[in-house]
Amino acid sequence: MGSHPGEPAAGSGPAVDFTEVQQTEQFRELRKRHRSFVFPMAVFFLLWYFAYVLLAAYAIDFMATPVFGNINIGIILGLLQFVSTFAITMWYVSYANRRLDPIAANLRHELEEAAPEAFIDPSGGKK
Amino acid sequence: MIPLMSAGVRVPFQTTETTTVGSPLLNITIFGLFVAVTLVIVLRASRNNKTAADYYAAGRSFTGGQNGTAIAGDYLSAASFLGIVGAIAINGYDGFLYSIGFLVAWLVALLLVAELLRNTGKFTMADVLSFRLKQRPVRIAAAITTLAVCFFYLLAQMAGAGGLVSLLLGIDDRLGQSLVITVVGVLMIMYVLIGGMKGTTWVQIIKACLLISGAFIMTVWVLALHNFNFSTLLGAAIETSGNAAITSPGLQYGLSAITRLDFLSLALALVLGTAALPHVLMRFYTVPTAKEARRSVVWAIWLIGAFYLFTLVLGYGASALIGSERILGAPGGVNSAAPLLAYELGGSILLGLISAVAFATILAVVAGLTITAAASFAHDIYASVIRKGRVNPDGEVKVARRTVIVIGLLSIAGGIGAQGQNVAFLVALAFAVAASANLPTILYSLFWKKFNTQGAVWSMYGGLGSAILLIALSPVVSGGEKSMIQGADFSLFPLSNPGIVSIPLAFFLGWLGTTLSRTPEDPMKQAEMEVRSLTGVGAEKATDH
Numbered sequence: 001m002g003s004h005p006g007e008p009a010a011g012s013g014p015a016v017d018f019t020e021v022q023q024t025e026q027f028r029e030l031r032k033r034h035r036s037f038v039f040p041m042a043v044f045f046l047l048w049y050f051a052y053v054l055l056a057a058y059a060i061d062f063m064a065t066p067v068f069g070n071i072n073i074g075i076i077l078g079l080l081q082f083v084s085t086f087a088i089t090m091w092y093v094s095y096a097n098r099r100l101d102p103i104a105a106n107l108r109h110e111l112e113e114a115a116p117e118a119f120i121d122p123s124g125g126k127k
Numbered sequence: 001m002i003p004l005m006s007a008g009v010r011v012p013f014q015t016t017e018t019t020t021v022g023s024p025l026l027n028i029t030i031f032g033l034f035v036a037v038t039l040v041i042v043l044r045a046s047r048n049n050k051t052a053a054d055y056y057a058a059g060r061s062f063t064g065g066q067n068g069t070a071i072a073g074d075y076l077s078a079a080s081f082l083g084i085v086g087a088i089a090i091n092g093y094d095g096f097l098y099s100i101g102f103l104v105a106w107l108v109a110l111l112l113v114a115e116l117l118r119n120t121g122k123f124t125m126a127d128v129l130s131f132r133l134k135q136r137p138v139r140i141a142a143a144i145t146t147l148a149v150c151f152f153y154l155l156a157q158m159a160g161a162g163g164l165v166s167l168l169l170g171i172d173d174r175l176g177q178s179l180v181i182t183v184v185g186v187l188m189i190m191y192v193l194i195g196g197m198k199g200t201t202w203v204q205i206i207k208a209c210l211l212i213s214g215a216f217i218m219t220v221w222v223l224a225l226h227n228f229n230f231s232t233l234l235g236a237a238i239e240t241s242g243n244a245a246i247t248s249p250g251l252q253y254g255l256s257a258i259t260r261l262d263f264l265s266l267a268l269a270l271v272l273g274t275a276a277l278p279h280v281l282m283r284f285y286t287v288p289t290a291k292e293a294r295r296s297v298v299w300a301i302w303l304i305g306a307f308y309l310f311t312l313v314l315g316y317g318a319s320a321l322i323g324s325e326r327i328l329g330a331p332g333g334v335n336s337a338a339p340l341l342a343y344e345l346g347g348s349i350l351l352g353l354i355s356a357v358a359f360a361t362i363l364a365v366v367a368g369l370t371i372t373a374a375a376s377f378a379h380d381i382y383a384s385v386i387r388k389g390r391v392n393p394d395g396e397v398k399v400a401r402r403t404v405i406v407i408g409l410l411s412i413a414g415g416i417g418a419q420g421q422n423v424a425f426l427v428a429l430a431f432a433v434a435a436s437a438n439l440p441t442i443l444y445s446l447f448w449k450k451f452n453t454q455g456a457v458w459s460m461y462g463g464l465g466s467a468i469l470l471i472a473l474s475p476v477v478s479g480g481e482k483s484m485i486q487g488a489d490f491s492l493f494p495l496s497n498p499g500i501v502s503i504p505l506a507f508f509l510g511w512l513g514t515t516l517s518r519t520p521e522d523p524m525k526q527a528e529m530e531v532r533s534l535t536g537v538g539a540e541k542a543t544d545h
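Those protein sequence lines, which keep their order, are chains W and B.
The first sequence runs 1 to 127 under the working numbering.
The second sequence runs 1 to 545 under the working numbering.
Calculated from the structure, these hints are not laboratory results.
A couple of the hints might just be wrong.
[Claimed, not checked] If you anchor each label on the Cβ, the simulated ranges turn out as follows:
| # | chain 1 | residue 1 | chain 2 | residue 2 | range |
| --- | --- | --- | --- | --- | --- |
| 1 | B | K450 | W | E117 | 45 to 55 Å |
| 2 | B | K450 | W | L80 | 31 to 41 Å |
| 3 | W | Q26 | B | L261 | 40 to 50 Å |
Small disclaimer: the values here were computed from a predicted structure and weren't measured.
Backbone N, C-alpha and C fix where the C-beta goes; we use that ideal spot for every residue, glycine too.
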């Protein structure tokens with residue numbers, strides 16, 4: 001209790017040169033992996049969502065086309081929005097666990113070992 | 001117009017022919033039980049509230065699963081439950097469109113915001129926004145937008161509580177409802193004052209479990225009555241309503257070019273507003289690591305997604321088993337679909353349970369909003385701007401607690417004043433303001449290296465100002481049949497949701513302000529923020545050493 005883990009170490013002085021860290025191969029790789037996944041994915045789901053919204057607003061007859069029983073294309077596309085949301089969520093989690101977390105943890109440990117006083121809150125009493 | 005979240009707005013004035021369903025006494029008893037149980041839990045949770053991190057962020061002690069459930073509790077307001085079920089029951093497919101926007105919006109939070117925000121902030125949204133920019137102007141702007149969003153959201157919930165209660169407890173007159181709003185406000189102040197973020201989180205977890213299991217039971221029940229065949233259920237709904245169009249879009253938004261455009265505007269605000277709602281963002285600080293923040297969002301997405309699938313069945317179920325005429329004729333109108341369906345299925349006991357859950361929902365959401373607003377005022381305005389950081393955390397928490405009381409009293413007064421007002425207007429404003437005032441700055445400061453203070457300030461004030469101005473000039477406020485101000489017409493803007501104009505404008509202003517500014521920001525700070533946001537260095541609890 002009582003630690004402030006999220007506290008930016010403002011005022012603790014430039015114990016770590018973050019611009020240097022930012023330039024390292026490892027960090028650039030992490031940033032590249034993160035952005036190359038989240039940006040295209042965000043563009044994809046937003047396009048898919050707005051395509052659906054536009055269809056619902058302007059292509060009512062198309063959406064009302066029956067598929068089986070009383071289920072029509074609109075209901076199926078709507079449910080597909082749920083499916084794609086769940087699928088993207090699981091995909092991202094698996095990607096982050098495999099491709100982002102190991103490299104982030106590695107960098108974090110290196111930084112914290114290089115300058116423990118800059119990152120570990122003294123009141124937290126850890127380490 | 002937006003049907004959901006207008007929880008019982010029109011109730012106070014049409015209760016003369018009330019056909020009482022269920023037993024108010026039973027409803028009060030079940031609700032009283034909920035209050036008693038949660039108060040005990042809040043008291044127990046409050047024992048460890050010592051520091052600011054405890055009070056605002058529950059000591060960062062929650063797991064991803066717990067926090068995800070609490071997020072679902074925060075997000076699924078009574079408006080989601082009563083409003084969406086009612087909207088589907090009456091307008092069919094067009095009600096379903098809301099659930100989709102509300103759910104897909106979570107991908108913005110998952111992919112772009114949650115983890116990075118957890119790693120760079122401490123207590124409030126302003127922590128992140130002002131991380132690498134000039135503290136004072138950016139913090140003030142972020143605190144103002146936070147307070148604005150919370151206040152409109154709060155007002156809507158409080159006003160909704162009055163209407164809901166008249167339906168559930170049989171309290172019809174204005175004085176009685178004002179009394180109920182006061183009771184809700186005082187209860188909420190107590191929860192937040194005593195329990196802080198920890199107590200508030202537990203209230204939300206309990207409420208989410210109750211709400212989702214209640215909806216699940218009703219969903220299985222409705223499906224069982226239709227041979228577990230969704231197509232049969234749709235057939236029954238078409239038969240009762242006599243209108244085959246309820247299974248396809250257009251009943252509400254397909255009326256004219258303006259309503260279609262309005263729908264696009266709303267869709268934009270919903271999908272971009274969620275990841276910028278301050279009370280949702282603040283929840284990410286209650287977990288120890290970015291990985292847990294990710295887990296929270298994943299839990300929230302599954303729970304919220306499942307819940308909206310339930311509401312689809314419940315909405316068409318209400319349409320099939322009760323019919324729109326009886327729903328619209330009941331006190332509470334469109335919002336009474338879910339309680340009526342509960343009564344139809346399980347009699348007064350199920351009605352009592354569902355009603356108590358709906359009421360508990362308002363209480364929990366109001367508590368979450370209040371603590372967010374109080375934290376923003378105490379942490380961003382009092383501690384960082386007024387005292388310029390020269391304040392000990394105890395003093396800051398003291399100010400936060402006092403702010404809770406002030407906000408509580410303000411929302412009681414506002415709720416009483418807003419009785420019978422158009423609640424949808426307030427909630428839509430909250431979403432649109434969040435998407436216009438906060439989201440561009442959040443995204444720019446996380447992902448755009450050159451972004452600077454002038455860009456942030458222009459974007460936040462521009463987004464906030466344009467959203468509020470456009471709503472003030474919209475038919476929601478004047479010139480329409482259901483407008484807030486009758487007898488005047490200054491509705492220069494034809495849409496009831498400003499998102500389609502104010503959100504792109506805020507993104508543009510952020511870019512313009514940045515490009516025109518000649519004062520560069522500290523590249524060290526940018527580097528620090530980027531490294532911290534992606535690695536979580538310094539933000540994790542040092543347990544993995």
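Now for the hints, and whether the structure bears them out:
For the pair K450(B) and E117(W), the supplied restraint of 45 to 55 Å is violated, since their beta-carbon distance comes to about 32 Å. Roughly 38 Å separates the CB atoms of K450(B) and L80(W), a value that falls within the hinted 31 to 41 Å. Between Q26(W) and L261(B) the C-beta distance comes to about 48 Å, which sits within the given range of 40 to 50 Å.
In this structure, only the earlier hint numbered 1 is contradicted, and the remaining ones agree with it.
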